[in-house]
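2 protein chains.
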Amino acid sequence: MEYNVIFQPSGRRGKVAEGKTLLTASHELGVDIEAPCGAHKVCGKCKVKLETGYFEKFGIDSQADHLSPVSEEEKKILKPEDIANNYRLACATEIKGDVLVFVPEESRKADQVVLDTGKERVFTLDPAVKNYFVEMPAATLEDHRSDLGRLQDALKEQYGLENLSIDYFVLRELPNVIRDGDWKVTATVLYDREIIDVRPGFAEKWYGIGIDVGTTTVAAYLCDMSTGEMLIKDGMMNPQVRYGEDVLSRITYAMMNDDGRDKLHDAIIEGINTLAERMTEKVGLKAEDVTEITLVFNTAMHHCLLNLEPKYMGRSPFAPAISAPFDVKARDLGIKIGKAANIHVLPVEAGFVGPDNVSVLIAEEPYKQDEEIRLIIDIGTNGEIDLGNKNKLLSTSCATGPALEGAQIKFGMRAAPGAIEKLRIDPETKECTYKVIGDDKFYGRGEKSNAKGICGSGIIDMVAEVFKAGIINKTGRFNMKLDTDRIRKDENGKPEYIMVFAEDSGIGKDITVTQGDIRAVQLAKSALYVGCKMLMRRLGVNKIDRVTLAGAFGSFIDKESSLVIGLFPDCDLDKVAAVGNAAGDGAQAALLDKSKRIEARDVAASVEFVETAVEADFQERFAEAMAFPHGLDEFPSIQHILDKIPGYKK
Amino acid sequence: MEYNVIFQPSGRRGKVAEGKTLLTASHELGVDIEAPCGAHKVCGKCKVKLETGYFEKFGIDSQADHLSPVSEEEKKILKPEDIANNYRLACATEIKGDVLVFVPEESRKADQVVLDTGKERVFTLDPAVKNYFVEMPAATLEDHRSDLGRLQDALKEQYGLENLSIDYFVLRELPNVIRDGDWKVTATVLYDREIIDVRPGFAEKWYGIGIDVGTTTVAAYLCDMSTGEMLIKDGMMNPQVRYGEDVLSRITYAMMNDDGRDKLHDAIIEGINTLAERMTEKVGLKAEDVTEITLVFNTAMHHCLLNLEPKYMGRSPFAPAISAPFDVKARDLGIKIGKAANIHVLPVEAGFVGPDNVSVLIAEEPYKQDEEIRLIIDIGTNGEIDLGNKNKLLSTSCATGPALEGAQIKFGMRAAPGAIEKLRIDPETKECTYKVIGDDKFYGRGEKSNAKGICGSGIIDMVAEVFKAGIINKTGRFNMKLDTDRIRKDENGKPEYIMVFAEDSGIGKDITVTQGDIRAVQLAKSALYVGCKMLMRRLGVNKIDRVTLAGAFGSFIDKESSLVIGLFPDCDLDKVAAVGNAAGDGAQAALLDKSKRIEARDVAASVEFVETAVEADFQERFAEAMAFPHGLDEFPSIQHILDKIPGYKK
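Respectively, the protein sequence lines represent chains A and B. Read in order, the letters of the first sequence are residues 35 to 684 in the numbering used here. Read in order, the letters of the second sequence are residues 35 to 684 in the numbering used here.
Next comes chain A alone, as it looks inside the complex (with noise of 0.2 angstroms):
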């Protein structure tokens, strides 16, 4: 026999034969309804709302006596004025007539997850490690199988997982665990192959972390695996900071120290346990409760965090230890996770264009792009550029410098609270007004703040507003006759301009910016700018279509103040866009759906790495560079903004 069964809202129907579950009639039916305990009747996750009465619309008569009796598995779990209401779990409920069922909204399986720890990027939600919930028979005399032969068997036919093996730190506490959970236990399994946590009963969630470990600055994301919700964000200073500025010094520590390479690796391992610990606390969590992290980072972070020897990363040819994507036991790194977690480290590309800048790639996709030439920049102490779409791809990596993290300047601090993250001066008045980490407004002169120093967008800002104002010309030199008292000299002589008067401050100091300041981004910018000219050469284009600006700031760098300063060759403001921290995206992304795994491992093989700092013409270019926004480019986007700039002359 069989009857009509209609789920609202898809509106799919069809006939179904009496006796199956709802569940069964939605795999049918082409219905996607939650059941991540594999209708075991334990999660609840499957409520459905039969409707009840002639439903003329859809022509047939769904009434209560349609479905099976309520069960006890259901009473004991749904709550009596669910019951009152109608709703029902659709794998303990059988179908008896014809049914009209509601799939309510928190009910409905989400195949897709969408990040918005910047721009809001929607990817599928399907992670390489995830939760089964099974149900074995006790052990007996007659059946002497053993306790992981019997977890196996079980996920063989409730899941079709075959030939899974399990880690040894598991293994080891499996028998306590199937009796505690009374031969029902949730397993979490890495890629459909290894079981890396076994817990008790039914457990819905599991958690991971993706990481971008920066030269100056490390980010994490914590994420809830189950609905690839993100809990929580963190950062720091890479602690491997103290053991040397840049990549270079860093590598030279490890060659120059017995137990340099150690000492790197212990302090940024350190670093991530601290993170680690920090963020699941904050959501009331353990740090053994994440089964995965997912890491990205330049070559020579990648070499300094693995404790792979780094010394052939820094003299010709920068060949890396291992260029493939790999797995790690967190345990083997010192990472203090659960006991069997996984770590998964992205490809590096070439030289010093690492897991990180695939990691932007996953994140942004130009591969997918059709015909339009796109520019990404990853702002970082290594600066790396992408240009291309899906005929041809180039990379590069740049010495950027950490001056646009806040590093090396002397006001600089990390996006974190009392940051100033963006900042205007008027031309006129040369007065200054600003925004900072944690509160909403705009402060100026007179107005008490928390201000304690200045993050990356705000460095970007400071530099474009100063040059804007006058303040500073081309040449990035200060004029000292202007008619204002925030311009002066400091100690040592050098002239400086006062963002924030010490009575304001948050710090009881003036908060200023210094000549070393101006000339540390110029530095930064014109490396910035000549890897963008130099992969256009390559790539023989001679305009760019669309800029996507990226990088671990607080909040978004301004787009305009970044081409006002000469960040990037020309481009239409409308078609510039700041995203955020795709790097960290992209490793998000790899934790939560395991496709992009793949994905990261064919742009990584396939996209074409430049090595523009060998360039004959290099200096030279860098050198014209240096002047705001350029020595020698025409900038039409920004011509009527360059205009009004008092005394400006190309």
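Incorrect hints may have been included.
Heads up, the list lumps identical chains together, so a pair's fine if it works in one copy or across two of them.
Stated by the list, open to error - No more than 20 angstroms apart at the CA atoms, straight line, and that leaves these computed lysine to aspartate or glutamate pairs for DMTMM-like:
1. 54 to 85
2. 363 to 228
3. 373 to 300
4. 373 to 361
5. 363 to 207
6. 297 to 207
7. 345 to 216
8. 515 to 465
9. 54 to 128
10. 345 to 177
11. 628 to 361
12. 345 to 214
13. 370 to 322
14. 373 to 293
15. 345 to 207
16. 316 to 268
Since the hints were derived computationally from the structure, they do not count as laboratory data.
Starting from the known structure of chain A, fit chain B onto it as the hints suggest.
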């Protein structure tokens, strides 16, 4: 152009194209020549001798100029006298005319290995861990493959190995190893799947240890994996003994103490580390040189060594945590050998019948036995018994106790120098002569020896001899009326027999056998006997055709003595063989021939486990079997011996 090539002593001959090397020719003609370096002209193993002059018998003219001139590589590797005597490297020598070539014994590839730890056993040499020597092109700016990619490509091109992974700790040092070897390295590969060691240049050797972890004694065998040769064996008391003499008391210890599991684990791991260090040091190696260990043990020791929760092993239904064979990193167990070394654990059958019995089975191969019914007894603190042939195989486990290993025996000791291993008593004079390990002769009264105690094989002799001499009767009770100064009462008033007088012994004390010792042996032999009988009943046979006695004794136990005390049911003594430590041999076989691991998995799954101790008449049968040789059963094979015993009546 093709030439006649003949290889001696095999006599294989055929036409080979001009310019091919002698090594290639040997492959084409089915001659096995050693080439561990993969024909890279570095190992010098493929030395062959050109036989010059007209060989009437073979009808060809073999001349020195029928081969390419001696190359620079050959001059480096071969001694001048070798070159003078027409020795060549087969891999470096091209064919230019008809040649007759002699392959010396040392150049012939050994594809078989003979184990001679007790019984001589012949296995194929085809280990799970293998060495591969490769040359790689150096890194250049044009060829920016990673070090690992380069190594993987070379292993694929030169040996057809695909999709190789690498252990993380090996990867860490890979850049240095590759450059130290000047782009030539030897990779050690597990299951042709994972690189677990990489050394600079050509490394011929790699090493493994087979270990049999008994409840009371541990036996270890260090092997040269390139030849299959057992370099050294060593043993020790199981250090877990301090936490309990038998498996149940150890499981109880683990359950009753918070850190009980860890303590048991740590004790045996420390023991294995001591053995690995001691054995490698004795042959001029280091423990790090060992890349694989195979482990066999009973199921309780399996759990206690691996630190798997053993609680449920000690209570019905005795389900183990895992029964499948598995591999785990030595470092995860705390075993200090190669950083990435593998530990292979043989499979569990059921309950207390563990990998040690599987190991005995792959050594003895009763599953290949055609018609005869074979009985295999592995004597240990837990005795394991197998009965059957290729049609059906049964096994069981008996709680023998440690008496037959020298524990719980007043002067019992491990099989080590100073242990009495053979013993004879004159039935007339009741005088005793004995042989001590480390010494070839038999000692008697008045002869000073190094005797310190008595080991397993000596204990069985000793009980058989006191019985045969009428010193004890068939119930095991001492006859105090005999006219000899060797029988007396000890400080507790219990009878004892003096085997070695204080002035003759190596410890300055009388070495005796006590009434308690006799009782301990009776309990042990009765357990084994009843186990055998119950398997016979289950299999439906009343006669055994062939008996194999195995155990980690110093020398082989005396088969006649074993039958006289009634260790097993009657069998023609010609068909009884003592084979030494078959479990240890199986562990080595699994180390040296990976197909033995498949056999182990298959036999573990097919052998039928019988729980004999739960049979209704177990206690009754056990009591009957306490007498010498038995209370009821006939022993026609030794009736002539029994007939001579003073006062013996069945």
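Enumerated hints in conflict with the structure, sorted upward: Per hint list: zero violations.
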